[in-house]
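Enquirer: Take a look at the letters that make up each chain.
2 protein chains.
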Amino acid sequence: MSVKNLLVEAYKQTSYQLVGHGHRTIQMLTDALKDYDDLEESDMYGTGKIIEQFQAKLKECLGKEAAVFFPSGTMAQQIAMRIWCDKTGLKKVAYHPLCHLEIHEEEGLKKLHQIDSVLLANETRIIQLEDIENMEEEVSCILLELPQREIGGELPDYQTLEAISSYCRDKEIKLHLDGARLFEILPYYQKSAKEVCALFDSVYVSFYKGIGGIAGAILAGDEDFIQESIVWKRRHGGDLISLYPYIISADYYFTKRLHKMNQYYEEAKELAKLYNECEAIQTRPLEPVSNMFHVHVAIPKDQLELILITIYKETGIGLTRNMKATSENSCSFEVSIGDQFALVPKTEIKNLFQRLNMKLKEVTP
Amino acid sequence: MSVKNLLVEAYKQTSYQLVGHGHRTIQMLTDALKDYDDLEESDMYGTGKIIEQFQAKLKECLGKEAAVFFPSGTMAQQIAMRIWCDKTGLKKVAYHPLCHLEIHEEEGLKKLHQIDSVLLANETRIIQLEDIENMEEEVSCILLELPQREIGGELPDYQTLEAISSYCRDKEIKLHLDGARLFEILPYYQKSAKEVCALFDSVYVSFYKGIGGIAGAILAGDEDFIQESIVWKRRHGGDLISLYPYIISADYYFTKRLHKMNQYYEEAKELAKLYNECEAIQTRPLEPVSNMFHVHVAIPKDQLELILITIYKETGIGLTRNMKATSENSCSFEVSIGDQFALVPKTEIKNLFQRLNMKLKEVTP
Chain A
117 MSVKNLLVEA
127 YKQTSYQLVG
137 HGHRTIQMLT
147 DALKDYDDLE
157 ESDMYGTGKI
167 IEQFQAKLKE
177 CLGKEAAVFF
187 PSGTMAQQIA
197 MRIWCDKTGL
207 KKVAYHPLCH
217 LEIHEEEGLK
227 KLHQIDSVLL
237 ANETRIIQLE
247 DIENMEEEVS
257 CILLELPQRE
267 IGGELPDYQT
277 LEAISSYCRD
287 KEIKLHLDGA
297 RLFEILPYYQ
307 KSAKEVCALF
317 DSVYVSFYKG
327 IGGIAGAILA
337 GDEDFIQESI
347 VWKRRHGGDL
357 ISLYPYIISA
367 DYYFTKRLHK
377 MNQYYEEAKE
387 LAKLYNECEA
397 IQTRPLEPVS
407 NMFHVHVAIP
417 KDQLELILIT
427 IYKETGIGLT
437 RNMKATSENS
447 CSFEVSIGDQ
457 FALVPKTEIK
467 NLFQRLNMKL
477 KEVTP
Chain B
117 MSVKNLLVEA
127 YKQTSYQLVG
137 HGHRTIQMLT
147 DALKDYDDLE
157 ESDMYGTGKI
167 IEQFQAKLKE
177 CLGKEAAVFF
187 PSGTMAQQIA
197 MRIWCDKTGL
207 KKVAYHPLCH
217 LEIHEEEGLK
227 KLHQIDSVLL
237 ANETRIIQLE
247 DIENMEEEVS
257 CILLELPQRE
267 IGGELPDYQT
277 LEAISSYCRD
287 KEIKLHLDGA
297 RLFEILPYYQ
307 KSAKEVCALF
317 DSVYVSFYKG
327 IGGIAGAILA
337 GDEDFIQESI
347 VWKRRHGGDL
357 ISLYPYIISA
367 DYYFTKRLHK
377 MNQYYEEAKE
387 LAKLYNECEA
397 IQTRPLEPVS
407 NMFHVHVAIP
417 KDQLELILIT
427 IYKETGIGLT
437 RNMKATSENS
447 CSFEVSIGDQ
457 FALVPKTEIK
467 NLFQRLNMKL
477 KEVTP
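In order, the protein sequence lines correspond to chains A and B. 117 is the number of the first residue of the first sequence in the numbering used here; add one for each residue after it. 117 is the number of the first residue of the second sequence in the numbering used here; add one for each residue after it.
If a hint is listed, it holds; no wrong ones were tucked in.
Which copy is meant is left open, because identical chains are indistinguishable; a pair holds if it fits in one copy or across any two.
Taking lysine-lysine pairs in the DSS-like style, the calculated list, with each CA pair at most 30 angstroms apart, reads: (1) K165 - K440; (2) K165 - K128; (3) K173 - K128; (4) K385 - K462; (5) K165 - K429; (6) K310 - K175.
Rather than coming from a laboratory, the hints here were simulated on the basis of the structure.
Whenever a hint applies, use it, and build me the whole structure from the sequences.
Expert: Here you go:
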């Protein structure tokens, strides 16, 4: 068994975990189904009470003319880009180099839609207004991911967002929000979803990040845009005869967790502080702006894994199941706060970080 | 309320229905979940016990090197076409004019994959070897849909299938099976799924037609083909973090109904005979070759709907909820036999068809 598997195995054996909502088991579905009568009618190709009510709820929440449920964000966002490109006749969009479309979708945007990308900012920082003003090529659409997940979940300040939105409107560039973690950033901005979405022409939100559903996404925008997206959803093979297993769970966990985003945010700040007090550790952002952050550790990955495995066994508390090497002598992992953090006794967390700090001091030159 | 809605409403009020497996309610899902422990781990991006075991089972059943679960057949089949076209460098495939890809997918194949289609045979009959031999254009792949649903579920004889397969191999044309209803035709051919699939390079099967699951499909073929299809699945946005709600229900109803396909086939023949004994009615095929057929009635749609509504009310038995006008003076509807036919008392079916025949005689010139 590789060291990585040992970390996962050790994590699975822990009684408490500081991240996430818990293991992804089918209980996520059976819990969500408990409120429903067995005789409730299935949705059929985008029609029916279950899908229409949820779409109406999210349309209201996001303050857009229309909203449609998609099986995945990958599908929803490629389609949003395609519609905006077709509208202007220019098959080019701009986004961050670590955008989901650029690094996690096997070039679907290019291979299925023949849309080229212009990369804004770079892998070390988020997009600022200047990056857009200085863009040398014309694009149909700019996609902003809030927060920028792959660099730890950083956010521009709200004035920057407003300035970018206003600039794009002036220049007739469509602005799309990758809001996979939109609900998670509202406490930091102290804005409603509707206020943030008003800055964008189209918006995608996910139901299995902070919300913790099984899968699925909502795409929202004006009526024309959404009607077109429904045609593209069929073309992509996403207009399943029934999507209710995802919708029921999305709705259930949305209701259950939307009001907890502030708690997750406060807990993320608390946990990041504990990490930053340790030798050789720095979080990114230093102070989180959502429920997530990255932990960067200046020791080799294998060494940190062995330390964590020991700590998991000694304390019964898991910190992460994943880890990646960022260089020969450094590594990092992602933290997303969910329901589980609050379940762990504070004194045990304190004890854990004392142990971690001690072990890191032993191995740091 | 329109006449069409009245038909649907009257159908919903019936105690028995001669078609299908029953109303699509969320009980389809809760029943399937009953055999599972709540702590069963979710599949994750194509990995995990639930998805891997089901893929292995279907790979065996279809006799192919590899199989992968897709959320929809639309996605699976476009991807199959794309892979075969990319292999030969020729973006053209051939299929029937009433093929799902041609009439139900909003031109996804052309708009997403830039693949052109050559239409074989015509809307009144199925594809024969001669249609392929006489094809004037070169294509990468030929898609055969067995049975050809939109003309009532007709089938070529098995020798024709073998001849087409052999011809395509000689000419190095890939042959793909749209087997949305593959299991439903095995009793007529008296062949195993493996035997039929051996004639094809790639195969798609569905789990919500005769099987009666919630949604989902399997694509099967050789190892290389399936590995490529997994990359395309991600590009299409079909590589959902978890697909288990569909897989669990597909597996449950597959196990429950696979052995009943012969029963459905025999019942379809029995029911078609009853229709054909009525004035102004002819089924297509005259004798079904699967669990499905179309009923063609030589009176106007509105008139037949009124007759059926009366009959549903008098007998408590529903025949169909859908109906389409085929001309000003004729209409048709589709019949697919499932679990429900066997639940209806035979004497009541006989009584129903006597009434139907009487009413049709009254209105037929």
